[in-house]
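For chain A, the structure is supplied; the task is to place chain B on it using the hints.
So the protein lines, in turn, are chains A and B.
Per our numbering, the first sequence starts with residue 4, numbered consecutively.
Per our numbering, the second sequence starts with residue 3, numbered consecutively.
Simulated from the structure, these hints should not be mistaken for lab results.
Treat the hints with care, as some may be off.
Derived EDC-like pairs (lysine to aspartate or glutamate); straight-line CA-CA distance at most 20 Å [said to hold, decoys possible]:
# : chain 1 : residue 1 : chain 2 : residue 2
1 : B       : Lys107    : B       : Asp137
2 : B       : Lys80     : A       : Glu150
3 : B       : Lys83     : A       : Glu193
Here are a few chain B residues that face chain A, going by a calculated C-beta distance under 7 Å [as the list claims (entries may be wrong)]:
#  : residue
4  : Asn56
5  : Leu58
6  : Arg86
7  : Phe101
8  : Tyr140
9  : Gly244
10 : Phe264
Keep in mind it's a predicted model, so treat the numbers as computed, not measured.
Positions of the beta carbon are idealized from the N, C-alpha and C atoms, including for glycine.
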Amino acid sequence: MGEFTLGRYMPLDSPIHRMDPRAKIMAMLLCLIAIFIPAGWIGYGVMFVVISGVILRAGLSFRFVWKSMKPMMIMMIFLFIMNCVVLRTGDVLFTVFGISIYKEAVLQTLYIVVRLLLMVMITTCLTATTKPLDMTLGIEDLLKPFERIHVPAHEIAMLISIALRFIPDLIEETQRIMKAQESRGVDLKEGSLKEKIMAILSLIVPLFVSAFQRAEDLANAMEARGYAPGEPRTRYKVLKMTTADWLLIGCAALLLAAMIVLARMA
Amino acid sequence: MSITFENVSYIYSEGTPFRYEALSEINLEIEEGKMTAVIGETGSGKSTLVQHLNALLLPTKGTVHILGRTIEAGTQPKGLKSLRGDAGLVFQFPEYQLFEETVIKDIAFGPKNFGISEEEALKRARNAMKLVGLDEQYEERSPLELSGGQKRRVAIAGILAMDPKVLVLDEPTAGLDPMSTVRMMELFRKLNKEHGKTVLIVTHDMEQVFRYCDNVIVVEHGRIRTQSSVSEFFRDSSVCRGMNILPPAMIRMRDLLNENGFDIADTVMDTEALVNAVERQVKRHG
Numbered sequence: 004m005g006e007f008t009l010g011r012y013m014p015l016d017s018p019i020h021r022m023d024p025r026a027k028i029m030a031m032l033l034c035l036i037a038i039f040i041p042a043g044w045i046g047y048g049v050m051f052v053v054i055s056g057v058i059l060r061a062g063l064s065f066r067f068v069w070k071s072m073k074p075m076m077i078m079m080i081f082l083f084i085m086n087c088v089v090l091r092t093g094d095v096l097f098t099v100f101g102i103s104i105y106k107e108a109v110l111q112t113l114y115i116v117v118r119l120l121l122m123v124m125i126t127t128c129l130t131a132t133t134k135p136l137d138m139t140l141g142i143e144d145l146l147k148p149f150e151r152i153h154v155p156a157h158e159i160a161m162l163i164s165i166a167l168r169f170i171p172d173l174i175e176e177t178q179r180i181m182k183a184q185e186s187r188g189v190d191l192k193e194g195s196l197k198e199k200i201m202a203i204l205s206l207i208v209p210l211f212v213s214a215f216q217r218a219e220d221l222a223n224a225m226e227a228r229g230y231a232p233g234e235p236r237t238r239y240k241v242l243k244m245t246t247a248d249w250l251l252i253g254c255a256a257l258l259l260a261a262m263i264v265l266a267r268m269a
Numbered sequence: 003m004s005i006t007f008e009n010v011s012y013i014y015s016e017g018t019p020f021r022y023e024a025l026s027e028i029n030l031e032i033e034e035g036k037m038t039a040v041i042g043e044t045g046s047g048k049s050t051l052v053q054h055l056n057a058l059l060l061p062t063k064g065t066v067h068i069l070g071r072t073i074e075a076g077t078q079p080k081g082l083k084s085l086r087g088d089a090g091l092v093f094q095f096p097e098y099q100l101f102e103e104t105v106i107k108d109i110a111f112g113p114k115n116f117g118i119s120e121e122e123a124l125k126r127a128r129n130a131m132k133l134v135g136l137d138e139q140y141e142e143r144s145p146l147e148l149s150g151g152q153k154r155r156v157a158i159a160g161i162l163a164m165d166p167k168v169l170v171l172d173e174p175t176a177g178l179d180p181m182s183t184v185r186m187m188e189l190f191r192k193l194n195k196e197h198g199k200t201v202l203i204v205t206h207d208m209e210q211v212f213r214y215c216d217n218v219i220v221v222e223h224g225r226i227r228t229q230s231s232v233s234e235f236f237r238d239s240s241v242c243r244g245m246n247i248l249p250p251a252m253i254r255m256r257d258l259l260n261e262n263g264f265d266i267a268d269t270v271m272d273t274e275a276l277v278n279a280v281e282r283q284v285k286r287h288g
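With the rest of the complex left out, here is chain A:
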């Protein structure tokens, strides 16, 4: 668990950390769209430099970002090899074991890999600098306009924050039940298939029982404090956009525009 950094919040204090989550989410969306515009290597170069700047400004190390990418590495390598072998357009670059590798295929695949890397970098910028709860507040606000077409913005945000809040609890609960069952002779590593199924059952059933119990307790506790979904509520933390936030969105929009221009020129 300690090594897993993808999507983890880094409690630092930087100008990026202090920005409005709505601005950060909007900027991230714009950047993600920009990635998918085929602006060539110059475009990706520009994106890389800009995003690297943001990462440094947020006080994050490249080592941290690199660690976030690690879980995706195997997938990327797999993707790279598959694409190189399967795509058959353009000039033949070289041939190994009777399989021709085409120049176009390699280029195309490299584009995909670079896009994926940039995507991880961008989303890391957001998740590492924004507390999960601030993120849900931001999502709720951004979904507000869609309430007119019956998107339950507040409920979605509440759902996300409750889910996030219960992750550590459930991990702890799982470990507790595992230990309790191990004390009853359950062997989670060895044993026949039937024994393994029993072992998993002995873990899942109590976990579900306690999760439902927790859900009920939480629902009661919320109702006892007068919570009613759909009712207008005030907030303890009021988000406020500053000039820097608008600037961030502006810059992201500019980046997107630049990509479109580059793509047109190419």
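Structure of chain B alone, referenced to chain A:
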């Protein structure tokens, strides 16, 4: 034979920023055949300590000797599974480990895991049910629809059915009503006295320590503060008051009487002896 801990340390998440030393250099001797209480504040390391007894946790440093087995830090000990059968560990709020369709099946789950035949396991399960005071009508009920106290008894029966030589209980009476608490403690005493089981019980209740246990171990900040017999421990109440432990009511009563002019010896350790001592002194003055 006894259960011994030699210089045992346990460190959570060693080598990360979350490193936490839960036990440091513990030396301990737990007498077999006795009922021993483990007391200490929340977070003092009691639970970490008792999880070493069935090798759920292996020491980071040091050695644990239990029931003829040696568990040494840094080695992968053999025969762990049989140790889990011999040293039955009942966790806090054990009712959360129930999962089978019927009470009897859930109780028989443990023994079956240790290679005991279905028939024998069911026999043991029935015995265990009798021990914890659940009658036959509960056998085919779903454990999930019982009351909290009944669930707790089913869970404890599930460990008893494994017929462990050492029974380790982590706060077994937490959240039970007073009546069930007394019944539970009587059961543990019976298992200790009549069935010869070594009982180790983690508790916050000094009345339980005083009334039921032979020995007491005080854990503080991952170290053993004191280890003694219960009568020794409560004899001079200033000792346990010094550890921020409120002595049991009977000892407090004795202290109050002494503060107000009585002269009762510190060897007076039960209510009857206290009443007699008071009676004698009143008569002498009367």
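Status of the hints after comparison with the structure:
Only pairs whose Cα atoms come within 20 Å are accepted, and B/Lys107 paired with B/Asp137 is accepted, the gap being roughly 15 Å. A distance of roughly 62 Å separates the Cα atoms of B/Lys80 and A/Glu150; the hinted pair therefore is violated under the 20 Å criterion. A hinted pair counts as satisfied when its Cα atoms are at most 20 Å apart, and B/Lys83 with A/Glu193 qualifies at roughly 11 Å. At about 6 Å, the closest approach between the beta carbon of B/Asn56 and any beta carbon in chain A falls short of 7 Å, and the interface hint on this residue holds.
Hint status for B/Leu58 relative to chain A: holds, with the closest Cβ pair at about 5 Å, below 7 Å. Satisfaction of the interface hint for B/Arg86 is found here, the shortest Cβ-Cβ separation to chain A being roughly 6 Å, below the 7 Å cut-off. Contact between B/Phe101 and chain A, as hinted, is supported at the beta carbon level, the nearest pair being about 4 Å apart and thus within 7 Å. Interface hint at B/Tyr140: violated, since its Cβ lies 18 Å from the closest Cβ of chain A, which is beyond the 7 Å cut-off.
For B/Gly244, the interface hint is violated, the least distance from its beta-carbon to any beta-carbon of chain A being 34 Å, above 7 Å. For B/Phe264, the shortest C-beta to C-beta distance to chain A is roughly 48 Å, which exceeds 7 Å, and the interface hint is violated.
When the structure is compared with the earlier hints, violations turn up for hints 2, 8, 9 and 10 and for no others.
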